[in-house]
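Colleague: This is what each chain is made of:
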Amino acid sequence: QQRRAAALEPIVLYLPLPHPYCTAVGKGGEAYSRDHGVSVRVVVGQESTQANVSTNIESLFTLGYGAFAVYPVDPAGAKGLFHRLHAAGRHVVAYGAEPERGTETPFAVATDTRRAATAAAEKLVRLLNGQGRILDVLESSTDANTPIRRSAIEAVVARHPGVSIAQTVGDVTTEQKAREKIESALVARGDEIDGVICTGYTTTVAAALLLAEHNRRSGAKRIRFVGLDTDERVLAAIRDGWVDATVAQNPFGHGYLSCALLDLLRQGWIPRSAYTFVDSGSVVVTRENVDSFQGGIEKATAEILAELKTKYLRAPAGG
Amino acid sequence: MSGPAQIPVVPAPRTSETDGPRKRFGQRDWVSGRTLGLILFAGVLMIVMSLISPGFLSAQTFFSQSRYVAFYVLVALAQAVCLAAGDLNLAVGAVGSLATVALGLSMTSLGLPPMAAAFAALALGPLTGWFQGWIITRLRIDAFIVTLSMMFVYLGLRSGVSGGNSYPMPPSFWWLGQGSIGGWLPYMALLVLGVLWIVSFVYRRTVFGRRLLATGSNPEAARLSGIDTRRMIVAAHVLSGTFSALAAVLWASWSGNAAPQTGDDWLVISYAVSIIGGTGLKGNLISPLGILMGAIIFKLIQHCLVILRINDNFSNTLLGALILLAIVVDRAREHLATPTSARETRPRAETK
Amino acid sequence: MSGPAQIPVVPAPRTSETDGPRKRFGQRDWVSGRTLGLILFAGVLMIVMSLISPGFLSAQTFFSQSRYVAFYVLVALAQAVCLAAGDLNLAVGAVGSLATVALGLSMTSLGLPPMAAAFAALALGPLTGWFQGWIITRLRIDAFIVTLSMMFVYLGLRSGVSGGNSYPMPPSFWWLGQGSIGGWLPYMALLVLGVLWIVSFVYRRTVFGRRLLATGSNPEAARLSGIDTRRMIVAAHVLSGTFSALAAVLWASWSGNAAPQTGDDWLVISYAVSIIGGTGLKGNLISPLGILMGAIIFKLIQHCLVILRINDNFSNTLLGALILLAIVVDRAREHLATPTSARETRPRAETK
Amino acid sequence: MLELKAISKGFPGVRALQDVSLTFLPGEIHGLMGENGAGKSTAIKIAGGIHVPDTGDVVLNGRRVVFRDCREALAHGVGLVSQELFVIPDASVAENILLERWVTRMPGVIDWHATRAEAVRQMRRVGLDVDPELPVRNLSAAQKQLVQIAKALTARASVLLLDEPTSCLTEHEVTKLYGLLRELRATGVVLVFVSHKLEEVFALCDRVTVLRDGRFVGTRETSKLSPAELVTMMIGRECNDDHLGRLAPDWSQPVLQADHLCRAGKVNDASFTLHRGEILGFYGLIGSGRTELARVIVGEDRIDAGRILVRGEAAKIESVRDSLYRHRIGYVTENRKEEGLFLHDSVRMNLSVAVWPRLRSGLLRAIGVEREEQLARDQIASLRVKTSSAEQAVGTLSGGNQQKVSIGKWLAADCDILIVDEPTVGVDVGAKQQIHQLIWDLAARGGKSLIVISSDLPELVRLANRILVFREQRIVGEVRDIDTAKKTYAQVSAEIAPHFA
Ligand SMILES: Nc1ncnc2c1ncn2[C@@H]1O[C@H](COP(=O)(O)OP(=O)(O)OP(=O)(O)O)[C@@H](O)[C@H]1O
Ligand SMILES: Nc1ncnc2c1ncn2[C@@H]1O[C@H](COP(=O)(O)OP(=O)(O)OP(=O)(O)O)[C@@H](O)[C@H]1O
Ligand SMILES: [Mg+2]
Ligand SMILES: [Mg+2]
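Chains as they are written, first to last, in our numbering: chain A, 1 to 319; chain B, 1 to 352; chain C, 1 to 352; chain D, 1 to 501.
Isolated chain A, as found in the complex (with noise of 0.2 Å):
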């Protein structure tokens, strides 16, 4: 019994699959042991499959840990996990995305998926002066934030009336098809296409460096392009100019804050309503701030952080 207690850290951070984001989390998640002394496990998934998250959160359930940080690779499918924990009285957070209505876990840090594609559209339209024709990048299609976003950036455009969208395509999961499908796009329709958006990881970084190479390009119409968290490479290019824009997530908070709140839930602290969505905002990086944003976000969690006993939870009955 002892050694058993000895042997479990009491927060698990769970990253689904090696990945730059998830790295950035769990950055987040040492820092908060660092600087609090509660030791939290870090985790790496297989693969980034609502199936490979729920087998190893299983495993280690059955192993005893007490509150898990989850990011729910299907804000759907986390439903059947997360009420398996929370009946079996264990603490879950959700951070990363958020899961749909319904989860019960009190808590989900994350960028608010709707506002940020909506900040990115509007500046890709104000990059754009208001006139002109997007080639709009969508991801995974069996992730349900993809038809959020694609429902702003359309709700976006159709407040724009100099602007449309000349294509949608989607559907990619992997940097090489995401580059295949916008060069296909671009030789196919270049001189129509005024604008790139893209609102994920792997899209982002495809454009980037394809629209780097094509803008470098003499004589090459300068295409315009917003994208989604903060690859070096893509900072590089905007750094360097070929590129305009991104929008930084910000993967060190949703870390860093959702061991928090687990650390606050553990020593008894509640909830003060049933689910509270954390918005751990959101900033948009141009060549202007490409060396300074990280100041910012860290100052948006400092702020959340401070917070959280007063916005979010209420001190422990006893306490």
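Simulated from the structure, these hints should not be mistaken for lab results. Watch out, some of these pointers could steer you wrong.
[As the list claims (entries may be wrong)] With a Cα cut of at most 20 Å, we get these calculated SDA-like pairs of lysine to any residue:
1) A:27 - B:309
2) A:177 - C:62
3) A:27 - C:165
All figures in this text were calculated on a predicted structure; none of them were measured in a lab.
On the provided structure of chain A, position chains B, C and D with the ligands as indicated by the hints.
Modeller: Coordinates of chains B, C and D with the ligands only, in the frame set by chain A:
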């Protein structure tokens, strides 16, 4: 020459050679030498793990893990029935995801009651199987190409129809995947054990099952023995589709929603499990108990990976290594059990 | 009984059969009937597309698309060489991603000059191939299991080593993948054409190539003729690994960075392309020109899916349907070209 | 000089060879005889490096050699023509013959024209006349066998081991082969010749060694040996070549009628009638279309024109399934390895496959295990199949015993009409007698009707009431009321000869 003189006295080693055919068309020996090796391997793994983590040997663990095993068994069967008929099916996962979408759609959009929707989804499996089988046998196109293309077709359909959204399952439907007897024996596990028993009966004792195996063993000879091999191929794919759909329905009820991405990782599972379980890739060989053991081992390995605190990024490496190990151990056992003289003959068999 | 009567008059159907050997073991006709069908199919596609989108027939298009074709050819070859030796390799993609990581690592971490790093990465391919081949032939374990497990092993390594991060390639290394002659003929395309020519020479004219094919056709007979079939299997996997690694290096230089998830979708590509290209799954048959056509068709299909603005979610459905169509058209052509009498004998032959 | 010294070799359940010592001298043709399963092939395979003996040595020209595989054997100049047909089905005839002996221009690069020319030369030697570019897959068994022989000859081996090379050849090719072997003998090559045909051994061999149940029985000069003695050595008792007796077919009952059957390129306007209790022989040269006609009748190949009548009424037979379950017509294929047997599966399964439906019982309609095993045991006993148990994989049986199993399958199915294609290829004298007896009994006692396809005229003369003569996919003649009592073999062959003039 008198009768008895004909049949030489038979020393021990024979068993090792003869359980070749026994495994295929045998009926008595539930546990062939091959499967024994797997059982041993699984046993060792279990012991090791119960030593590492005290909580391992608990009803808790059994409940959660047995459902995965049951699930893997179904997925593996979907592949194994095709392999046993000398064919293969790359669309096991795709069919699963299609069935999942169908389930969700018929429940939410069409508003069918859970059970009706479940049967609708189940019906989709055999249908796809029949279609594949039909193309393979009538147009005489290699199963590999057909199932590969159909995989794409199904994947496209599921994405197109669902648009990426997954469908929540009403709690009234959860019992199937989440319910259990006495909190430790999941209905799922029971159901799958039943399925396994039926499968083993069909392949061992019924004309239909035997014909499936004969077709896998030598289609030419089968046809010239009056077996309608085409129909057998179609049948194999129908069965395969059914198992995929069943797995999909169970998973949906279990995870509480029908996610279109269901099935994306089934293909690998289906092969890994059925091969660890000793299903021959060359056809004519299927061992339900083997598949069960294969599923258990596969699950144990994964569970193991979580328990052991190695750098998770390398976990796949260990998974691969352990699968290979399982096979090597198995072969080694066979190898040692076989006298030198018989060894030379093995490659002959392989090259057939 | 008199001599001449003894020898049967070779019946007419034979002739249709004879383009069989030309395709496989023949030396003369570089364009077999089979490939003609593919060329026609590709031609039709091209015409259709140039009508749909005026910009299609441009140096622009050629430059961008030919690089993908070249890339597909390499990936397909990695599979085809194994298939032709009667084997298979499920780790083509995994080897690719491992090579990519190795490339990135040796450039950034070890700080090797680009070309040195490239060769280091290239060396990894044959190494993995040799290792797989060794396990398959020495431990006599089915290639399927071995390559499946090794796939996991490699994937784990690449994630473990890279942690999922990708390595930027210095611009000094871009020329290989991005450079071109006159802005329309990529070096990559040239390189791959060279490779194809060599491959076809090896398989048509050299003892080594013939041994590989003989091994694929009937390993037993090959061994009895004094061919070291084990070494041939190993050789096939070494070649396969080399092609994977080469594809990986080119892709890295082309996309300007070495991303670990490179290769995740190669397996399907490798099979789809080499099969469309008419590489037999049962071994003993490889057609470089066919593979080239297969790659072109595969690329054309995808390109036209993007051009015709069909709902992207359904694109896979169309991809699958078109692949199947390509094969059906091909078979149909063969079928029509063959007199009825020969048809019956085909299934006889197939089941060998 | 090649010596096998005190060789023992065991397979799971079988002692294939026990302490066998053989000496093969250069410049002689050495016959190796014995019943099916006696160990001939095993002995040959050990000498050829395919099997490694459990104990004992192989001594070549006085030096002890150990062949780990047949490549090493080849390297030592030991060539082998195996009993099974081992060819590269997709390779051209030319390439099959010169596999591993390609004519190369520069090292490693093949000169195809030279290779082709060389192949054609070899083909002439063995009298194989087909397009050298043809894939071997499309050749008939006999043609494949000739390819194997030609290939062995190109090796210019100092030891040449031939395992039943003549089993599927007809007289013409056989005589041609004799010539070749005699040439080689003159050049001092060690020649070992396995055969089940006594006349061949006496015509060709200088000395003959007999094996029985894996043991050495003796070596004799053929000149000082009578066929009867040889047979006695082989089966341990003398085998009286008794007449099977007289069949009494019911000529008023036609059970199977072919009415102007046509199949493009395979069968040309074939018409015949098979009566109840009759044995009808199909004789012809290789590739004369007998098998194809049989395949058309049982529905394996489609009919282009003409019709088939079974028991008087027109029958629509579209597959072997129809012919077996609807019309009770069985077909024993000539090609047991590829079309007859499930090589990896048990003898039991192979014997029962055609009768599974009849073995069902109980409300689950399950196959009765006991009944199945009983059936297997009965067939094994009545056919005297030499197997360690009903569960042994058929692929590991000796050639002749495999043949017995493939016939047994159809005996078990007891059909009214049975078509038997080359029933005694590679079957030993004793077994041949048994099989003849079985076939004859089916007709005489069981009142079944049989068609026997064979390239072995004595066999047909022995069995058949009538013989149809085939040539180039047509029925060119018929020999009536054969009765071994009245018509001798000589008379029959005299009647047939003109059809091939
Ligand atoms: N690979 C094998 N595995 C198991 N048993 C074998 C194998 N090969 C041969 N045997 C057994 O060894 C014995 C001798 O076989 P062998 O093939 O030498 O007989 P044979 O004299 O060639 O007979 P035949 O005239 O029918 O060819 C037989 O009982 C056979 O079943
Ligand atoms: N699989 C095949 N593909 C193409 N042609 C074939 C095939 N099998 C046989 N043939 C050819 O068809 C013709 C008839 O062959 P078949 O075997 O029916 O002759 P047969 O009279 O039975 O001679 P055999 O003595 O070999 O049985 C021959 O020319 C043969 O070479
Ligand atoms: Mg033999
Ligand atoms: Mg024949």
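Colleague: Would you check the hint for residue 27 (chain A) and residue 309 (chain B), treating anything up to 20 Å between C-alpha atoms as holding?
Modeller: holds (18 Å)
Colleague: Please work out if residue 177 (chain A) and residue 62 (chain C) have their alpha carbons no farther apart than 20 Å.
Modeller: The given pair, whose Cα atoms are some 18 Å apart, holds under the 20 Å limit.
Colleague: Take the C-alpha atoms of residue 27 (chain A) and residue 165 (chain C), compute the straight-line distance between them, and say whether it is at most 20 Å.
Modeller: Judged against 20 Å, a Cα distance of about 14 Å means the pair holds.
In summary, this structure violates none of the numbered hints.
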